[in-house]
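K.L.:
Chains A and B are the protein sequences, given in the same order. Take any residue in the first sequence, count from 1 to its spot, add 4: that is its number in the numbering used here. Take any residue in the second sequence, count from 1 to its spot, add 74: that is its number in the numbering used here.
Just so you know, these hints were derived from the structure itself, not from any lab. Keep in mind that a hint or two might mislead.
To give an idea of the chain A side of the interface with chain B (calculated C-beta under 8 Å), a few residues [to be verified]:
1) D13
2) E16
3) L29
4) R33
5) E35
6) A42
7) A45
8) C47
9) L50
10) F60
11) E62
12) A65
13) D72
14) V78
15) L81
Subject to a maximum C-alpha distance of 16 Å in a straight line, what follows is the list of computed EDC-like cross-link-like pairs (lysine to aspartate or glutamate) [unchecked claim]:
16) B:K81 to A:D19
17) B:K81 to A:D86
18) B:K81 to A:E23
Footprint (simulated), chain A over chain B, 3 or more residues, beta carbon under 8 Å [said to hold, decoys possible]:
19) 118–124
20) 136–148
21) 219–225
The structure presented is a predicted model; accordingly, all values stated were derived computationally and were not measured. We put the beta carbon where it would ideally sit given N, CA and C, even for glycine.
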Amino acid sequence: MTDEPHDIDCQEALDRLYEYIDGELTPQRSEAVRRHLAACAHCLHLAGFETAYVRFVEARARAREVPDALRRRVLELILFEDGGTDTP
Amino acid sequence: MPNPDEKRRSFEAEALPYLDAVFRVALSLAGEEAQAEDLVQETMLRAYRSWHQYRPGTNVRAWLLTILRNTFINQYRKAKRAGPTVDVDAIAPYTVFGDVQDVDPEGTFFDRIVDDEVLRAIDALPDEFREALVLSDLEGLPYSEIAEITQVPMGTVKSRIFRARQALQRRLYDYAVEMGYIPRRS
């Protein structure tokens, strides 16, 4: 089985950790990281910490929505743009 | 001859759902609300004017964010953020885990940090860091899409995201220590 995940060390697991959290690794590489984490308590705790951190940033930073007044202005701009298409 | 009503309907249905995303990214690029609002209006107007160039079925979010980014670079960046850009590759990877593993290994101190402080810390990041972080963590874009929007190779995107996250983590950790949410490592 040539696509069997190879064993990786702590440094390689750390190098690939964010890609692992972001779901950017190939299935084989992801499995190699998962297996390392299952076997290494230090890296498992580090991965838990980094995952919590990334989810925290995502949740906090996505909370903002466009203000209503700005949404209305954008709609008006588009309407006005159509009304004025004949004049450059 | 294009029907203006049809054009407006398709723009409203396909592009406007991404207005929040455009606003958040604009905010992080411009750094302040008033300028971000100008940037959003300019971007959406440009997008509407070139809506005929958008190919239906392709990624409308990436298309809008590309227009946003170009608008910002052309008109705002020089005026607003003239600060030095950094060589992101020169900054060593760093995680605060080593500092907190004995007192708060699960990172619960993060939850005590308020939204505004997080946004301020993001805003204080150097340009290359901020842009990568905003696109990945605020907007949840895959690395490939970030590479397309920022016109850099995937490897560069990857390294910018990593370093951005670690620089931000360091700032938030320092803030948490300062606020007494977590003891400083002795």
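K.L.:
Going back to the hint list, which numbers does this structure go against?
P.N.:
1, 2, 3, 4, 5, 6, 7, 8, 13, 16, 18, 20, 21
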